[in-house]
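Starting from the two chains in their separate frames, assemble the complex, guided by the hints.
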Amino acid sequence: MILLRTQNLSAFYGDFQALFGINVDVEQGETVAIIGANGAGKTTFLRTVAGALRSAPDAVVFDAEPIGGKTPHEIVRLGIAMVPEGRRLFPSLSVEENLLIGAHSERRGPWSLKRVYELFPRLRELRHLPATSLSGGQQQMAAIGRALMSNPRLLLCDELSLGLAPIVIRDIYQCLGAIIAEGTTVVLVEQDINRALDASMRFYCFQEGHLALAAPTKNFDRAELTAAYFGMQRR
Amino acid sequence: MQWLNILIQGGLLGGFYALFAIGLSMSFGIMRLVNIAHGDFIVLAAYVGMVAIDATGFDPFMSLIVVIPAMFLFGYALQRGLLNFTLSGGLLPPLLVTFGISVIIENGLQQGFGAYDHRLKEGAIETASLHLPGGIDLGVYPLLVFAVAVLAIGSLQVMFYWTRLGRAFRAVSDDADTAELMGIDNRKLFAVALGIAMVFTGIAGVLFGIRTIFDPAAGPIRLILAFEAVIIGGLGSLWGTLLGGVVLGIAQAVGAALNPNWQILAGHLAFLFILILRPSGLFPRTRD
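Sequence order for the protein chains is A and B. Quick note: the first sequence uses my numbering, first residue 166, plus one each step. Quick note: the second sequence uses my numbering, first residue 11, plus one each step.
Just chain B, same shape as in the assembly (with noise of 0.2 Å):
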């Protein structure tokens, strides 16, 4: 029963991790690129996210509000602005530029807002729990990331395959150059998905700064689980992101159950595992 536990606890942790990882699989799935910089725009929205705290008197959950369309058109004109020019020579250049980015955004929080420890405060949500039989105990908002990660890709799946931008996002996906000449604005649909990815991103790093204390350095831990959840599931596969998700929270807590030291070990060790059995994840998509 106590493994039970573990492996019940893993899997919700599994779903955060799944929703830090939805905006770096969406990114890469579209216009292949590799963004360093996607731990600190987690971070960024939990700052984000604080401000907009502060200026309304908004609980967190609602500070979305503000977040969401924030982290749209952050999104949407960084790619427009910046990120587009970087794609046409290959996969060195928006690896650089996205290293930049998180430079920047790194010490811009830290000039901004100092380097302390902040956290986003939802009330007794946080701490509530289910009591189910057998002594397992749910946490209620590990339970409600892992809903909203669930909601979130299934979403993202409707979009994908049912609408002409998703049909579009998959078109592009496959063959930019042709799409192209078939009447799409490349770039601007670019912008408009990394727009989208930015409103996950912005939904994760809300629930993150309600989860755990941030401070403007804690974006390329997030960054590193991110893509680790994407490379377990295959590259361009959001069921299979939610997978590795789910994969790397399990690892996790099994290691912390056998010694506490092992909990983030674990994690990597699964990750470098799963990488030499399927290099190419567990359900890989994109080609190339």
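For reference, chain A alone in the conformation it holds in the complex (with noise of 0.2 Å):
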């Protein structure tokens, strides 16, 4: 079954055009990379699936309703989540508020405080802290759980890798296993392309944005991804 589908989704930051037509489909309980260079649209793709910018209806499909025009509210109730670059955690809320803050859409679910501290045993420890005390791998954790605790199921992870050490990096994936393993579709950003088709099924290469190249992850021809990525053969 298809649980997100862009059907030649546009978007546009005033009069500049972001994204050009990208159709791309996402399969239940499937998890899809989304690669390319800085400026690609990658990050644009995320936040106009989850509403932050304004698209045609028809633009994009999820569990076949068409959610273009819905505000993010709603498509977070709809059940999609975002884990948005940077985290973004609410500097002001503890630790555990800002993974309340994430239960407000009211989901039913498997996710709960409990089901996320044992997912990141450490988050429980520090629950009482400011958000912003916690070291980047934390933070990242902190926002990983605030999205699930909304019972997504389509999880956006935007650049979880970013500005993480690489042991810490290797921790946070593993951890993104025990939630695909619950059953989450899960569509993730990265500009670390290893890292990202190591953990997904398909990708999607996107250049400047546009659709440059789609393909499984295993079984696919490096040129042609180099070529996607950098633009060396414009189609």
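Bear in mind the hints are in silico, worked out from the structure with no lab data behind them. Check before you lean on any hint, since a few could be wrong.
[What the hints assert, rightly or not] To give an idea of the chain B side of the interface with chain A (calculated C-beta under 10 Å), a few residues: (1) I146; (2) R177; (3) D185.
[Claimed, not checked] Here are the computed distance ranges between Cβ atoms for each label pair: (4) A:L294 with B:T173: 49 to 55 Å; (5) B:P103 with A:G194: 34 to 40 Å; (6) B:F283 with A:Q339: 29 to 35 Å; (7) A:A229 with B:L92: 33 to 39 Å; (8) A:F185 with B:I286: 50 to 56 Å; (9) A:Y178 with B:H278: 51 to 57 Å.
No residue lacks a Cβ here, since even glycine has one placed at the ideal position from N, Cα and C.
In structure tokens, the structure reads:
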């Protein structure tokens, strides 16, 4: 079953067009990576799916329902949650309060404070501290936990590895494995290509707002990816 | 002893200014709304109280039963129906729109009630006082107003730090875009916030109407006092706002003791002085 489909999706920042006719399908239960260089439109794509940027109603279809014109909080209620780039935790809230904000959409499901603390035991110890006093990796865990608290069917992860040490990135991706095992569908945006390909089943490569390549991660041509990533052969 | 008396009287007056400022502090803290009509909302609430008293025969304190829900609904509807549309375009649109609302309220009240002075009469409590040793007289009414201000701020703090709604308010205050991405309906939340702010504006309006005469043009001076209390205390901090009101009240009392003509000027000078020393106020909380 196709959980998320974008059809000829375009997005704009004022007069500047950031996405051009993007078609992406994500199957229920799948992990899909979106890769591309800086400015390729990866974050814009996630923000448009999440409703932070406007699009035509039919351009984004979630579980057979057009959601393009909906507001972000309506979309969370339908079951799409975002781990934003740079974590964006609420600085004046404690770790636990940040997690609880994720539960405001009141979606039922497997995730609760208890389950999030089981997944990230360090967060339980730090739960009363201000969110911004945590290390980068701990903040990323809190941001993931906050998104899970809305019990999403689709989790959008923007640059999980950004600014983190390799060993911390490895931990985070291990936890992501546990989340995927729970049946959550995941769309990963990464600049770190190898990390993204390891964690996903299929990938899409964006280039300057266009879809340049779509392929399964098990079986693709490296030269073709290089060309799509760097834009050596514009189609 | 005379100066101690001045400090105490000024401090009590400060509770009044803090009460004026709570609604302004809240709406700036949560939705970055610079509400130029705030003073007129205070005056409007006094008129709502007056109409309720005339219609029901309640005394002014009892009129709060009508004023509080009326102001809540007014605030909710105003934010939902108008002010929410001004918040995406920077600081200027809400400034202009609330300025327009200020003009409309002032002229509407003048049209409806004339330019006359009014007062809400509460009776003996207005002039009652406690005699303390050392020749200090404490007015019961200023004490009551101060207590209401402390209670109001205390209960708002409990709401902000101990309830789900308060948590959402703080999250939206930190980062409204991310809060919405996490599933919070900002527009509805803002409407509730202005509704709650208006509850305290309503209380301030009725207590103001008991203390002094008011007329349709009384709003702007209340706005300036409220602004000064908020800015002295630091944006977004309610206890700071209380302290800002006290600083303002004491400065006015000291000014008045030196020369009765200097009362208002002394308050403004204290405000300017603190603005120079600490541009972000005494206890700033809100960034940006």
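Against the structure, the hints come out as follows:
Taken as an interface hint, B:I146 does not check out: its beta carbon lies about 40 Å from the nearest beta carbon of chain A, beyond 10 Å. Annotation: B:R177 was flagged as interfacial toward chain A, and the flag holds, the nearest CB pair being 5 Å apart, inside 10 Å. For B:D185, the suggested interface contact is upheld, since its CB lies about 6 Å from the closest CB of chain A, less than 10 Å. Hint check: A:L294 to B:T173, Cβ distance near 21 Å, so the stated range 49 to 55 Å is violated.
Under the hint 34 to 40 Å, the C-beta atoms of B:P103 and A:G194, about 45 Å apart, miss the expected range. Roughly 58 Å separates the CB atoms of B:F283 and A:Q339, a value that falls outside the hinted 29 to 35 Å. For the hinted restraint 33 to 39 Å between A:A229 and B:L92, the CB-CB distance of approximately 37 Å keeps it satisfied. Checking the proposed 50 to 56 Å range against A:F185 and B:I286 shows it holds: the Cβ atoms sit about 53 Å from each other.
Taken as a hint, the range 51 to 57 Å is violated for the pair A:Y178 and B:H278, whose Cβ atoms sit roughly 44 Å apart.
Violation of the numbered hints given earlier is confined to hints 1, 4, 5, 6, 9; the remaining hints are satisfied by the structure.
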